[in-house]
Amino acid sequence: MGQGEVAYLKKSFMGDYLIMGGTVVTGLAEAAHLGAVLLDWPFQRCALVFGILLTVAAVLGTGLFFFLRKKRKDFPESHRPAVKGTEKFLYFTFAAVVSSQLIFICMGNNMYRGGDMTVETVGSFLAADGVYRVNPLTGASYTAGIPSRLKILCLPTLYASLCKITGLPASVIVWRVIPLVMLFLCYTAFFCVAGCLFPEQGREGGIKRAGFMLAAALLLWTGAYGQGMEGFQLLCCGWQGITIRNCVLLPWLLSLCLRKKWIYAIFCVLAEACMVWTLYGCGICLLFAAGMAGAGAICRAWSKKGRTRA
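Residue 192 in this note's numbering sits at position 191 of the sequence shown, with consecutive numbering throughout.
What the hints contain is simulated information worked out from the structure, not anything from laboratory work. The structure displayed is predicted, hence computed values, not measured ones. Treat each hint with caution, since some may be false.
Stated by the list, open to error - With a straight-line Cα cutoff of 25 Å, these simulated DSS-like cross-link-like pairs (lysine-lysine) come out:
hint, residue 1, residue 2
1, K165, K71
2, K261, K12
3, K85, K209
4, K306, K261
5, K165, K12
6, K209, K262
7, K261, K209
8, K262, K305
9, K71, K305
10, K89, K262
11, K305, K261
12, K209, K12
13, K165, K152
Using the sequences and the accompanying hints, generate a full structural model.
This is how it looks when you write it as structure tokens:
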């Protein structure tokens, strides 16, 4: 690997900032959610706190982005040949595949809702003006309560807050808006992976990255046929925490581990803890990061041992 490729991998990708923004939004929603759960806030106050935190974070994040952009220290070099030929064809095909997935999600009738009560839970937050005060199925107040681990997950509060802020129905936010955002973030994460696997600058690296993205899009499409497949999760139930973990956080975490960006990886692990219930494999991001770190340490030890013998 040449010096240019090494320098390229040391820099943060644009996708890192986009997905990091998503994890920050999740963290803000978790803070507002815990305020409602622990302090018994009405949901209206919870949504207001989230809106204020989101506004402050957006202003600070935008300022930081332009500051770093001006410094040009955290952004990869953009001086490369224009996209043309094979690379242009691959990206055009990739865009066509993703467009078909966007249409599939917007159709709405393909959403898998068996056993999922996210919309009902969000609706109960809005109707009862509180977090987990009534059973979304019966409308009656909770008597025995719900598991503590499940109670601190913030996605229903995030979605309900977005409903409160935008005025959109819960079904639109949960079944349309969020899956579209997750589709975008999923491919953003795969762009980061492509940049790690094929860091070559110029036409050759561009073709490899474009081919990788097209292959990823096709695999997700073909995986939409079976429940439990990543493609099915992304295209049919993109609002669920397990989908966000599998299709956004894990690919992004892979790229972070390959580039040894452990600070970002910590935020990735924390984001998973805010959105995935224990029975759905909470802690996989932590185990994955630990495994990648351990494998890297072993490889470096073997490499050092080999150089010593030589």
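Okay, the hints, checked on the actual structure:
no.: 1; hint: K165 with K71; result: violated, 36 Å
no.: 2; hint: K261 with K12; result: holds, 11 Å
no.: 3; hint: K85 with K209; result: holds, 13 Å
no.: 4; hint: K306 with K261; result: holds, 21 Å
no.: 5; hint: K165 with K12; result: violated, 38 Å
no.: 6; hint: K209 with K262; result: holds, 23 Å
no.: 7; hint: K261 with K209; result: holds, 22 Å
no.: 8; hint: K262 with K305; result: holds, 22 Å
no.: 9; hint: K71 with K305; result: violated, 39 Å
no.: 10; hint: K89 with K262; result: violated, 31 Å
no.: 11; hint: K305 with K261; result: holds, 18 Å
no.: 12; hint: K209 with K12; result: holds, 20 Å
no.: 13; hint: K165 with K152; result: holds, 20 Å
Of the numbered hints given earlier, the model fails hints 1, 5, 9 and 10; all others are met.
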